[in-house]
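With the hints as extra help, turn the sequences into a complete structure.
Each chain, letter by letter, is given below.
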Amino acid sequence: MAADEKSPVSRGFVGRRRSPAQAERVPPGQYVTLDFPILSAGPTPHTPLEQWSFALQQGTQRLAEWNWSQFQALKQTQVTADIHCVTKWSKLDTRWVGVSFDSLLEAAGLDTPPTAYVMAYSDGGYTTNLPVADLLNGQALIVTKFDDAPLPPGHGGPARLLVPHLYFWKSAKWVRGLTFIAEDKPGFWESLGYHMYGDPWKEQRYAGD
Amino acid sequence: MRVPRLAWRTAEIVAVRDESAHARSLALRVDGWPGHEPGQHVDVRLTAADGYQAQRSYSISSAPAAAQLELLVDYVADGEVSPYLTREARVGDRFELRGPIGGYFIWTAAYGGPLLLIAGGSGIAPLASILAYRARAAPGVATHLLYSARTALDIIFKERLEAWKREDPALAVSLTLTRSAPPDWSGYRGRIDAAMLRAVAFAASEAPLAYVCGPTAMVEHVADTLVSIGYPAGRVRTERFGPSGEST
Amino acid sequence: MSANDDVSLSREPAALDGNAAAGLLQQIFAIDITMARITCGGCQSVQPLAALRLYGLPMGNILRCPRCEATLIRAVARDQDCWLDLRGAAALHVRLA
Chain C
4 MAADEKSPVS
14 RGFVGRRRSP
24 AQAERVPPGQ
34 YVTLDFPILS
44 AGPTPHTPLE
54 QWSFALQQGT
64 QRLAEWNWSQ
74 FQALKQTQVT
84 ADIHCVTKWS
94 KLDTRWVGVS
104 FDSLLEAAGL
114 DTPPTAYVMA
124 YSDGGYTTNL
134 PVADLLNGQA
144 LIVTKFDDAP
154 LPPGHGGPAR
164 LLVPHLYFWK
174 SAKWVRGLTF
184 IAEDKPGFWE
194 SLGYHMYGDP
204 WKEQRYAGD
Chain G
34 MRVPRLAWRT
44 AEIVAVRDES
54 AHARSLALRV
64 DGWPGHEPGQ
74 HVDVRLTAAD
84 GYQAQRSYSI
94 SSAPAAAQLE
104 LLVDYVADGE
114 VSPYLTREAR
124 VGDRFELRGP
134 IGGYFIWTAA
144 YGGPLLLIAG
154 GSGIAPLASI
164 LAYRARAAPG
174 VATHLLYSAR
184 TALDIIFKER
194 LEAWKREDPA
204 LAVSLTLTRS
214 APPDWSGYRG
224 RIDAAMLRAV
234 AFAASEAPLA
244 YVCGPTAMVE
254 HVADTLVSIG
264 YPAGRVRTER
274 FGPSGEST
Chain Y
2 MSANDDVSLS
12 REPAALDGNA
22 AAGLLQQIFA
32 IDITMARITC
42 GGCQSVQPLA
52 ALRLYGLPMG
62 NILRCPRCEA
72 TLIRAVARDQ
82 DCWLDLRGAA
92 ALHVRLA
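Residue numbers (our numbering), protein chains in the order written: chain C, 4 to 212; chain G, 34 to 281; chain Y, 2 to 98.
There could be a bad hint or two in this list.
[Claimed, not checked] So the derived label-pair ranges between C-beta atoms look like this: (1) G:Ala196 <-> C:Pro153: 47 to 57 Å; (2) G:Ala227 <-> Y:Ile29: 35 to 45 Å; (3) G:Ala142 <-> Y:Phe30: 25 to 35 Å; (4) G:Glu45 <-> Y:Gln28: 19 to 29 Å.
[Stated by the list, open to error] If you want a taste of the chain G side facing chain Y, the calculated C-beta under 8 Å gives, among others: (5) Leu39; (6) Arg131; (7) Gly132; (8) Ile134; (9) Gly135; (10) Gly136; (11) Tyr137; (12) Phe138; (13) Ser207; (14) Asp217; (15) Trp218; (16) Ser219; (17) Thr271; (18) Glu272; (19) Arg273.
If you are wondering where the hints come from, they were derived from the structure by calculation, not from laboratory data.
Where is the CB? At the ideal position from N, CA and C, for every residue including glycine.
This is the structure we're talking about:
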């Protein structure tokens with residue numbers, strides 16, 4: 004995705020509509036967009052809410068599970084965050100409502116997370132790996148609302164993971180649960196050369212960055 | 034089929050031509066262009082001054098023997114690349130191009146006929162390459178083009194389609210307009226459906242080859258219908274692009 | 002073919018097909034990959050590459066079975082290297098040059 008130094012510049016081509024960058028808020032190599040582009044690894048799932056559930060798992064053990072009403076009854080948190088996609092767009096001040104990872108642990112009766120890593124898994128088969136340390140202390144939510152409205156299916160509704168301090172592929176759409184794992188393992192994109200961690204401020208787009 | 038080494042080459046726009054309110058042809062000079070077969074496509078890559086890149090695919094609409102390589106670009110609102118190529122880019126501008134790609138959607142005389150070509154909107158592009166080639170190399174092959182456009186003003190390559198039809202009794206061209214038709218319109222109206230396909234398609238017993246190109250929903254519907262009237266799936270070639278739900 | 006994006010940026014990504022992935026895949030194969038017939042590891046149906054549904058742009062190319070939506074081929078290409086996962090394809094049938 005890095006520009007080939009030999010590529011001729013296409014005069015007048017700018018690409019996606021971009022706002023003037025506010026440098027201190029925008030990681031290196033990113034462009035601020037006013038749109039909200041959609042990228043999906045597969046067709047949009049349409050799980051009916053009556054069949055939806057969210058679980059915390061470890062191995063084959065289900066540590067906790069909530070259906071939709073139970074999930075909505077958990078402590079809800081509002082978040083405003085900048086998000087950064089590895090395909091170089093950033094969107095500032097996005098607003099979400101959901102359940103924080105901390106609240107999930109509490110509701111599950113877990114004083115401490117059982118392992119150091121999780122694999123988030125979604126309807127449609129998508130997965131992504133994260134260190135638990137990056138989910139704690141308000142850094143991660145399972146969100147069900149974007150911009151005061153129910154999260155649209157194309158953007159991951161009914162619920163997606165939100166971890167805005169990492170590249171947005173880590174914010175798994177259509178999330179259905181987190182599996183606690185002892186060692187970090189590559190998820191869907193990580194197993195195809197994307198970075199295991201994905202810090203936009205260090206431009207960790209690909210393995211080896 | 035010989036597979037050429039695919040490398041990014043520099044393409045320079047040598048001419049632009051508006052084909053409709055939405056679509057434009059770009060004629061290109063391409064460094065080291067190895068030539069192409071009718072129906073193939075290319076990848077196009079644009080680079081902004083700050084290094085940002087975007088890549089898309091476009092079908093080649095020109096015949097293999099044409100003096101210039103031509104691509105057809107359809108403007109799509111909110112798109113990132115097509116607004117640039119259809120409204121901003123001008124003669125002398127450059128971008129990168131990789132190809133030709135795709136032995137799958139090729140037709141040459143050796144494949145034989147009869148030949149059923151079905152296009153939706155800018156899906157006419159690769160079929161125009163096939164028809165341009167056919168006019169020179171295989172004018173006797175029984176061919177029927179069914180072309181769906183939104184309005185009469187959206188019919189791309191109208192003049193060349195009429196010329197080919199005039200010059201070649203073995204070529205039939207049927208048009209259908211899906212949004213509105215002029216009062217004196219003698220063609221079909223509405224989206225391509227099973228009845229229209231049955232009316233224009235060659236009987237499966239003639240062992241025809243079909244090439245279908247256009248929006249995803251149209252292509253899948255047409256391909257499924259052709260299979261349901263007896264075309265072996267292997268003799269229906271498809272190329273999908275654009276929004277899956279959008280009519281043409 | 003015309004455009005892989007030029008769908009509204011905020012609408013659903015288009016279900017393009019394997020033709021749009023061919024440029025990337027052709028970098029790797031010595032034979033014409035667009036002619037390959039692929040057996041789905043999920044439902045065992047056989048499709049030409051062109052019939053597979055393409056997702057994942059611009060992060061990568063994810064080709065799925067049009068019948069059962071199983072993932073058959075995953076590919077990520079950059080300037081200097083490419084990652085390819087063919088595990089979802091039970092078999093690839095190609096013609097040698």
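Structure-based check of each hint:
Distance hint for alanine 196 of chain G and proline 153 of chain C: a CB-CB separation of about 55 Å, consistent with the stated range 47 to 57 Å. The given range of 35 to 45 Å is respected by alanine 227 of chain G and isoleucine 29 of chain Y, whose C-beta atoms sit roughly 40 Å from each other. The given range of 25 to 35 Å is respected by alanine 142 of chain G and phenylalanine 30 of chain Y, whose C-beta atoms sit roughly 27 Å from each other. For glutamate 45 of chain G and glutamine 28 of chain Y, the Cβ-Cβ distance of about 24 Å falls inside the hinted range of 19 to 29 Å, so the restraint holds.
Restraint check, leucine 39 of chain G versus chain Y: the minimum CB separation of about 5 Å is within 8 Å; hint holds. For arginine 131 of chain G, the suggested interface contact is upheld, since its CB lies about 5 Å from the closest CB of chain Y, less than 8 Å. Of the supplied interface hints, the one on glycine 132 of chain G holds, with its beta-carbon coming within about 7 Å of a beta-carbon of chain Y, less than 8 Å. The beta carbon of isoleucine 134 of chain G is positioned within 8 Å of a beta carbon in chain Y (closest approach about 5 Å), and the interface hint is therefore held.
Satisfaction of the interface hint for glycine 135 of chain G is found here, the shortest Cβ-Cβ separation to chain Y being roughly 4 Å, below the 8 Å cut-off. With 8 Å as the threshold, the beta carbon of glycine 136 of chain G comes within range of chain Y, its nearest partner Cβ sitting at about 4 Å, so the hint holds. Given the 8 Å rule on beta carbons, the hint for tyrosine 137 of chain G holds: about 4 Å separates it from the nearest Cβ of chain Y. Given hint, phenylalanine 138 of chain G at the interface with chain Y, holds; its Cβ is 7 Å from that chain's nearest Cβ, closer than 8 Å.
Proximity of serine 207 of chain G to chain Y is violated relative to the hint, the smallest CB-CB distance being about 22 Å (cut-off 8 Å). Proximity of aspartate 217 of chain G to chain Y is violated relative to the hint, the smallest CB-CB distance being about 30 Å (cut-off 8 Å). Hint status for tryptophan 218 of chain G relative to chain Y: violated, with the closest Cβ pair at about 25 Å, above 8 Å. For the restraint placing serine 219 of chain G at the interface with chain Y, the shortest Cβ-Cβ distance is roughly 28 Å, beyond the 8 Å limit, so the hint is violated.
For threonine 271 of chain G, the suggested interface contact is upheld, since its CB lies about 6 Å from the closest CB of chain Y, less than 8 Å. With a least beta-carbon distance of about 5 Å to chain Y, the hint placing glutamate 272 of chain G at the interface is held under the 8 Å criterion. Given the 8 Å rule on beta carbons, the hint for arginine 273 of chain G holds: about 4 Å separates it from the nearest Cβ of chain Y.
In summary, the numbered hints that this structure violates are 13, 14, 15 and 16.
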